Amino acid sequence: QKEVEQNSGPLSVPEGAIASLNCTYSDRGSQSFFWYRQYSGKSPELIMSIYSNGDKEDGRFTAQLNKASQYVSLLIRDSQPSDSATYLCAVRNQAGTALIFGKGTTLSVSS
Amino acid sequence: KAGVTQTPRYLIKTRGQQVTLSCSPISGHRSVSWYQQTPGQGLQFLFEYFSETQRNKGNFPGRFSGRQFSNSRSEMNVSTLELGDSALYLCASSLRDRGGTEAFFGQGTRLTVV
Numbered sequence: 001q002k003e004v005e006q007n008s009g010p011l012s013v014p015e016g017a018i019a020s021l022n023c024t025y026s027d028r029g030s031q032s033f034f035w036y037r038q039y040s041g042k043s044p045e046l047i048m049s050i051y052s053n054g055d056k057e058d059g060r061f062t063a064q065l066n067k068a069s070q071y072v073s074l075l076i077r078d079s080q081p082s083d084s085a086t087y088l089c090a091v092r093n094q095a096g097t098a099l100i101f102g103k104g105t106t107l108s109v110s111s
Numbered sequence: 001k002a003g004v005t006q007t008p009r010y011l012i013k014t015r016g017q018q019v020t021l022s023c024s025p026i027s028g029h030r031s032v033s034w035y036q037q038t039p040g041q042g043l044q045f046l047f048e049y050f051s052e053t054q055r056n057k058g059n060f061p062g063r064f065s066g067r068q069f070s071n072s073r074s075e076m077n078v079s080t081l082e083l084g085d086s087a088l089y090l091c092a093s094s095l096r097d098r099g100g101t102e103a104f105f106g107q108g109t110r111l112t113v114v
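Chains as they are written, first to last, in our numbering: chain A, 1 to 111; chain B, 1 to 114.
Bear in mind the hints are in silico, worked out from the structure with no lab data behind them.
All figures in this text were calculated on a predicted structure; none of them were measured in a lab.
Don't take each hint at face value.
[Stated by the list, open to error] With a straight-line Cα cutoff of 27 Å, these simulated DSSO-like cross-link-like pairs (lysine-lysine) come out:
1) Lys2(A) with Lys57(B)
2) Lys67(A) with Lys13(B)
3) Lys42(A) with Lys67(A)
4) Lys103(A) with Lys57(B)
5) Lys42(A) with Lys57(B)
6) Lys57(B) with Lys67(A)
[To be verified] Using C-beta positions, here's what the derived DEER-type ranges look like:
7) Asp78(A) with Glu52(B): 42 to 48 Å
8) Gly3(B) with Glu57(A): 21 to 27 Å
9) Gln17(B) with Ser52(A): 44 to 50 Å
10) Ser27(B) with Ser111(A): 28 to 34 Å
Each residue gets a CB set at the ideal place from its N, CA and C atoms; glycine is no exception.
Sequences and hints are given; from them, build the entire structure.
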């Protein structure tokens with residue numbers, strides 16, 4: 001099974017700072033990449049998708065993709081305490097028949 | 001537009017029993033996938049269905065099975081339950097199974113095996 005790796009954290013940042021979350025994947029043929037946010041006791045919520053190399057911005061969130069390096073990242077600008085959650089990186093396999101998740105990075109934003 | 005609906009939300013079963021979980025996808029979505037989430041292992045892929053066909057299966061024993069109906073609703077079954085099967089089982093639906101397809105999760109079924 002192809003793998004997706006994330007630092008488990010916790011990643012602690014002060015309110016207003018930029019949080020940087022990273023992810024690497026092993027399936028070189030993957031074409032679709034996603035970031036989910038999961039609050040404790042809740043199900044994962046899709047926050048970003050990215051398919052092409054480069055940056056994609058949506059509000060305070062920016063996803064970055066580098067297929068050559070097999071690397072995906074998520075930047076959260078102006079971090080808020082409400083951003084405290086586990087962030088899951090997900091990669092769809094080359095065949096498109098499975099979405100593989102990393103184990104997640106726990107983010108803590110202190111006020 | 002209604003989201004992904006999973007039933008039941010909570011289940012308590014005894015070792016050796018079997019259990020069936022249900023998932024109704026977002027209207028119009030034809031792909032359903034299932035995941036097991038535990039604190040130690042994270043989100044692990046179980047299987048993915050599209051148009052009633054299993055397209056992929058994760059590394060789980062044969063006790064775990066599933067199916068998809070013509071209306072895209074899906075069920076998964078776990079037979080001969082073990083204590084280690086205690087987990088949050090999540091279902092996600094997608095508009096189609098290939099390419100840049102975003103998956104949306106239901107609230108999950110919390111299974112406890114005693």
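Hint check results:
{"no.": "1", "hint": "Lys2(A) with Lys57(B)", "in the structure": "holds, 13 Å"}
{"no.": "2", "hint": "Lys67(A) with Lys13(B)", "in the structure": "violated, 44 Å"}
{"no.": "3", "hint": "Lys42(A) with Lys67(A)", "in the structure": "violated, 31 Å"}
{"no.": "4", "hint": "Lys103(A) with Lys57(B)", "in the structure": "holds, 19 Å"}
{"no.": "5", "hint": "Lys42(A) with Lys57(B)", "in the structure": "holds, 25 Å"}
{"no.": "6", "hint": "Lys57(B) with Lys67(A)", "in the structure": "holds, 25 Å"}
{"no.": "7", "hint": "Asp78(A) with Glu52(B): 42 to 48 Å", "in the structure": "holds, 46 Å"}
{"no.": "8", "hint": "Gly3(B) with Glu57(A): 21 to 27 Å", "in the structure": "holds, 26 Å"}
{"no.": "9", "hint": "Gln17(B) with Ser52(A): 44 to 50 Å", "in the structure": "holds, 48 Å"}
{"no.": "10", "hint": "Ser27(B) with Ser111(A): 28 to 34 Å", "in the structure": "violated, 40 Å"}
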